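So you can see what is in the structure, the chains are spelled out below.
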Amino acid sequence: MIEQLTPGFLLSVIAIYFITLFVIAYLTGRNTSNANFFLANRNTPWPLIAFGMIGTSISGVTFISIPGVVGGDGLNQAFSYMQVVLGYMVGYAVIALVLMPIYYKLNLTSIYGYLEQRFGYNSYKTGAAYFLLSRSVGSAFRLYLAIVVLQYFVTSHFGLPFWATALIALTLIWLYTVRGGYSYRYLDGHFSNHLFFIGFNYYHCRYWANAEYEFWGADWAGCTERIFKNVLF
Amino acid sequence: MNFGELIGLVARSEYSKMFFFEGGWSDPNNFFKQFISGALITITMTGLDQDMMQKNLSCRNLRDAQKNMFTFSITLLVVNVLFLTLGALLYIYASQIGLEIPEKTDYLYPTIAFRHLPPLMGIVFILGLIAATYASSDSALTALTTSFCVDFLNFEKSPESEELKQKKRYYVHIGMTLLLLVLIIIFNIISNEAVISQLFVAAGYTYGPLLGLFAFGILTKRKVRDQWVIPICVASPIISFILDRYSNVLLGGFKFGFLILAANGLLTFLGLWAISYRAEEEKSPYLNN
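Residue numbers (the numbering used here), protein chains in the order written: chain A, 35 to 267; chain B, 220 to 508.
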């Protein structure tokens with residue numbers, strides 16, 4: 035289906051998308067203090083956050099894999115996936131009733147601050163270091179897969195090497211977050227993203243963009259394989 | 220067919236079976252196995268993850284954050300029911316039109332959807348890819364920057380001026396962006412699916428110690444000798460990795476699946492217990508504050 039669209043056309047579409055995004059950002063943006071960058075001054079209306087979190091959690095797996103497993107005869111056959119979802123509910127209840135009161139009571143910006151107050155310096159640094167490690171590898175991996183697709187369908191046709199595509203992609207993300215951190219993303223960028231692409235197609239694509247942590251965590255290798263096969267068609 | 224009939228169709232089909240108890244512990248769909256995995260996945264990968272929790276911490280107060288969490292989880296529940304129903308309908312549809320089910324069932328929905336969609340799909344594909352990637356990458360970048368500034372540069376305790384900190388945050392932000400860039404370029408140089416996915420799996424093992432640390436902190440009142448925490452948190456993912464890898468030999472064919480996370484957390488918990496002492500011994504000479 036993509037062959038029918040020229041790389042030049044796709045590039046213009048992408049350019050228009052980013053221009054729109056940055057115009058919205060410019061019109062609604064503001065300079066931010068550290069507190070604002072980190073936690074949006076703690077004043078984001080909660081429905082907006084719920085909206086963002088749903089967007090993050092309903093990913094390609096929900097749209098592709100979940101309907102797919104219903105008729106299979108292996109893991110998660112029929113509606114058995116609901117058993118996991120019920121487990122999720124318990125997990126969310128634990129977060130809301132046990133973890134979040136601690137985070138709020140200690141007035142934490144970084145949740146690993148808890149470990150320092152409870153155990154000490156080394157525990158705290160270990161927790162934070164592990165987060166930095168797993169998040170940077172995980173995020174780089176997701177981005178890598180998306181950039182491979184962009185490179186394959188669009189930028190390679192203009193003679194751009196891979197590193198240049200990666201550099202452009204990251205510069206855009208950097209620009210997008212540099213001013214606002216959390217507040218800005220929720221109020222504008224994130225929100226508009228969801229409005230633009232809410233609908234099946236968006237989620238089809240999340241499938242390729244996301245290596246799933248949530249449920250398929252145990253099957254990362256399988257997931258990578260699926261993504262690679264899809265990326266390279 | 221109206222909505223009620225649709226629901227009836229799915230409910231009567233073989234696909235709507237939800238609970239699996241009879242297969243016992245070796246059945247991958249066993250209720251307890253699935254249920255416990257679901258809870259653990261959520262607690263660690265959402266509750267102990269700065270990226271996911273930072274969103275919640277930006278609520279006005281605890282009550283709002285809890286409301287957010289409950290709304291979010293109920294919505295998620297409904298959404299999942301809808302998608303399973305969609306799945307059942309897709310299979311019923313496929314059998315009606317005689318469509319062969321793809322070997323990888325993941326492809327069923329795209330196969331049906333793509334066939335009826337015009338080339339516009341290509342545009343939406345690329346834009347959707349960018350939007351989806353950006354939504355998760357910008358949040359990760361913000362969380363990484365926050366964690367580094369607060370956890371390693373001690374932003375909240377240091378007496379430095381707000382101006383200087385903003386400048387530092389700016390550089391950390393650039394640094395994190397560069398870190399991601401370097402990692403991406405390394406992935407591209409490796410270009411080996413198996414190696415990259417192993418790296419990714421290894422990164423996932425870091426959730427075990429976090430689970431152990433938080434569980435020990437919340438469930439017990441004991442204190443730990445802090446200087447021993449690092450070796451324990453390094454050892455338990457490594458031991459878990461070996462356990463999982465060689466569970467065939469070591470544990471007579473038992474497959475951990477997702478429960479390796481629980482094992483990993485438990486190892487950390489036991490390790491912490493070994494280096495712990497009762498809170499009253501606060502003046503112990505071994506105490507390292």
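Derived from the structure by calculation, the hints contain no laboratory data. Accuracy of the hints is not assured; some may be wrong.
Restricting the straight-line Cα-Cα distance to at most 27 Å, the calculated cross-link-like pairs of lysine-lysine (DSS-like) are [what the hints assert, rightly or not]: (1) B:Lys376 to A:Lys159; (2) B:Lys376 to A:Lys139; (3) A:Lys159 to B:Lys286; (4) A:Lys139 to B:Lys440; (5) B:Lys442 to A:Lys139; (6) B:Lys442 to A:Lys159; (7) B:Lys236 to A:Lys139; (8) B:Lys236 to A:Lys159; (9) B:Lys387 to B:Lys376; (10) B:Lys376 to B:Lys286; (11) A:Lys159 to B:Lys440; (12) B:Lys387 to A:Lys159; (13) A:Lys159 to A:Lys139; (14) B:Lys376 to B:Lys386; (15) A:Lys159 to B:Lys384.
The following label-pair restraints were derived from C-beta to C-beta distances [what the hints assert, rightly or not]: (16) A:Phe43 to B:Ile316: 48 to 54 Å; (17) A:Pro135 to B:Leu469: 35 to 41 Å; (18) B:Glu379 to A:Phe43: 46 to 52 Å; (19) A:Ile136 to B:Glu382: 29 to 35 Å; (20) B:Glu224 to A:Ala198: 28 to 34 Å; (21) A:Pro81 to B:Ser232: 20 to 26 Å; (22) A:Ala198 to B:Val468: 45 to 51 Å; (23) B:Thr294 to A:Ala198: 50 to 56 Å; (24) A:Ser46 to B:Gln315: 38 to 44 Å.
Here the structure is a predicted model, which is why all the values come from computation and not from measurement. Cβ atoms here follow ideal geometry from the backbone N, Cα and C, with glycine treated the same way.
- Message: Given the hinted pair Lys159 of chain A and Lys286 of chain B, is their Cα-Cα distance within 27 Å?
- Response: Given pair Lys159 of chain A, Lys286 of chain B is violated - Cα atoms ~31 Å apart, limit 27 Å.
- Query: Holds or violated: Lys376 of chain B with Lys139 of chain A, Cα cutoff 27 Å?
  - Reply: Distance ~17 Å between Lys376 of chain B and Lys139 of chain A Cα, so the pair holds.
- Query: Holds or violated: are the alpha carbons of Lys376 of chain B and Lys286 of chain B at most 27 Å from each other?
  - Reply: Violated: Lys376 of chain B and Lys286 of chain B sit about 31 Å apart, past 27 Å.
- Task: With respect to the beta-carbon atoms only, verify the hint that Glu224 of chain B and Ala198 of chain A lie 28 to 34 Å apart.
- Result: The hinted range 28 to 34 Å is violated for Glu224 of chain B and Ala198 of chain A, with Cβ atoms some 55 Å apart.
- Message: Range first: 45 to 51 Å. Now tell me if the beta carbons of Ala198 of chain A and Val468 of chain B are that far apart.
- Response: At 47 Å between Cβs, range holds.
- Message: For Lys387 of chain B and Lys159 of chain A, compute the direct alpha-carbon distance and say whether it is at most 27 Å.
- Response: At roughly 19 Å apart (the allowed maximum being 27 Å), Lys159 of chain A and Lys387 of chain B satisfy the hint.
- With 48 to 54 Å as the target window, see if Phe43 of chain A and Ile316 of chain B comply at their CB atoms. 33 Å, violated
- Query: Under the criterion that the straight-line Cα-Cα distance not exceed 27 Å, is the pair Lys376 of chain B, Lys159 of chain A satisfied?
  - Reply: Satisfied, since the Cα-Cα distance of roughly 15 Å is no more than 27 Å.
- Could you check the hint for me, namely that Thr294 of chain B and Ala198 of chain A are 50 to 56 Å apart, CB to CB? Hint violated: Cβ distance 40 Å, outside 50 to 56 Å.
- Task: Take the C-beta atom of Ser46 of chain A and the C-beta atom of Gln315 of chain B, compute their distance, and say whether it sits inside 38 to 44 Å.
- Result: At 41 Å between Cβs, range holds.
- Message: Check whether the Cα positions of Lys442 of chain B and Lys139 of chain A lie no farther apart than 27 Å.
- Response: Holds, at roughly 20 Å.
- Item | Given hint Lys440 of chain B paired with Lys139 of chain A - CA-CA distance at most 27 Å | Distance of about 18 Å is within 27 Å: holds.
The earlier numbered hints that this structure contradicts are 3, 7, 8, 10, 16, 20, 21, 23.
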